[in-house]
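Engineer: Quick note, the sequences are listed as chains A and B, same order. According to this note's numbering, the stretch in the first sequence is residues 33 to 321, in order. According to this note's numbering, the stretch in the second sequence is residues 5 to 392, in order.
Derived from the structure by calculation, the hints contain no laboratory data. Just so you know, these numbers come straight off a predicted model, no measurement behind them. Don't take every hint at face value.
What the hints assert, rightly or not - Straight line, CA to CA, 20 angstroms or less: simulated SDA-like cross-link-like pairs of lysine to any residue: (1) B/K194 - A/P107; (2) A/K142 - B/N336; (3) A/K61 - A/H80.
These are the residues of each chain, in order.
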Amino acid sequence: MSIFVDKNTKVVVVGLTGKAGSFHAAQCKAYGTQIVAGVTPGKGGMIHDGIPVFNTVHEAVAATGADCSLIFVPPPGAADAIVGSADAGIPFIVAITEGIPVLDMVWARKEVDRRGSLLLGPNCPGIVTPGECKIGIAPGFIHKRGKVGIVSRSGTLTYEAVYQTTQLGLGQSTAVGIGGDPVHGLNMVDILKRFNADPETEGIVLIGEIGGPDEQNAAKYIKENVKKPVVTFIAGAAAPTGKRMGHAGAIVEGKSGTAQAKKAALKAAGAHVAETAADIGPLIKKALG
Amino acid sequence: MKLLEHEAKAVLRRNGINVPVGKVVQTPEEVGPALAELGLSEGVLKAQVFTGGRGKAGGVKLFAGAAEGAEIVRRLMGATLVTHQTGPAGEIVGSLLLESKTAIAREIYCSILLDREANNPVLVLSAEGGMEIEEIAETHPEKLLKMHPLVGHDLWSFQIVRACNFLDITGDTAKEFATVLNQLWTVYQKSDASLLEINPLVIDREGHVVLLDCKFIVDDNAEYRQKGLGNADADKTHAEIESAKFGLSYVSLDGTVGCMVNGAGLAMATLDLIASVGLMPANFLDVGGSANEEAVTKAFEIVLTDPKVKVILVNIFGGIMKCDIIAQGVINAARTLGVKVPVVVRLQGTNVDQGKKLLAESGLALITADGLDDAAKKVAEAAKGVRS
């Protein structure tokens, strides 16, 4: 069973005619994803790489029945595109855009919540249900359908975990990148709940990093609810305090945000803690027997 | 982007907020004219540095008269302030802020920052102004009042009332305090701040509110619409400024293993990997997903020319980034500058075969690694070879 998206998901790509939108829409399509529409204001009516383009997400939904939006709009207009998708009734929104101002995300998140949509990202690689659909920018070919659910705040570390579990013959049920920004949509607990309920997911890989409350909340949820084996890796143990390491979310804020505190909480919750990213695959293989 | 105190206070002043009169000085000769211009005979000189804890480190001095002030400027300009936040390297004083003295009756802590649990900014107040707030949060959380304002709206009246009750501020001072809180909340939003901290916010002996110090950090993601607030490069090293021009995310560190990685998470994991074999990283470098060959070349040049670097690890998992672009960038930089230290390269993901082929045919003496484990081992071996 897939979580959130599958081969029937119909995707509208917002920002389709830009460089990133064009390239990745084509990649997603080649993977088997149903890309049914694109949105670029002012370019409604044209056909781009065989995909019909609309001026608004509202028009795209009315014409194609799209139920997922994939956002590649540059930072100044990205929050608007997120809220526009929610307002058009899109239930699942994936925002790839990196660099959206934090205050824009504060109100965008509230508007999305108010309309009852789910938001993945922003500043994330998206989601892959291997063999069914890829919605985002992950390299499709490293995935293999299988039994490990992967959730991560980092794009490239998601790929790393996917690659390792593929190499070891375990495969993935779904791989989800929730993104590195301080204000984002779905958090680790939201994804863990789905993996916990999904019979195809036999084990879970959770990849976090320094800063923010996500991993501490995940530890609490795992302790109370999860019986499946969980392997975690927390990036940033060697990062010096206060220096921003690429992700806006990765500033160490007080002691609960440190790699050490997060690892300790997850270990106490019964998760297996990988000391380096190289140990993720071997640990989950061992945990699954 | 971090603002220096005087830049932060200029922003506050522009927004109608009452801050002490002051002027920036860099030479002893400027003290006399500055005092005359401000109509003062005495004052305080404050080192303009980004670090906290400067008072304890001797960076804030009271003085009476131009001669004493000039002597302080002579001593502090160019001096290195070492605080608990700077590490042993310290921070060099490049300018001082000459300000009027304030007759302090009470010191209050006030800040606005992002609460990541609530996905909303939070206003934090405490009667324990001037203290280390992290310590109070840890030992006496009941001494902090936290309230979540609504973006796009003034503070709620009930929030103002709660703040005044909590801090026991009454009468005309309460009215002035309410105005200042709303002004700070407006500036926070208007400037895309990620931190606006007033510590201390002072009630002077006449009952007026004075903002004595100010820490102001602007959200880097919003720099495109917040130009002119401060100097975005002021707290960055030369390499950090150079790399930012090419859209690279670079942070100088103290170790000897240079690295070039794509993706912030993998870059952090690479630092951890280097630390796991007993070595220290010389830098954090995320080339990002969309860097072109020129940017990758620049990135590798920055690592190659760092005199601290004894071994280099290139760790790439191509997603949007294509391995052949990385390989070509590495080859370009290596051909131009020459390679004097061992370079371990681990490529995986999009276009990995093309990338490996380019490296193999380049004739460069590179050490290739297959996985993360293998890369770590080879870096450790290479580092041993360099040492002996």
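Engineer: Are there hints from earlier that the structure breaks, and if so, what are their numbers?
Structural biologist: 2
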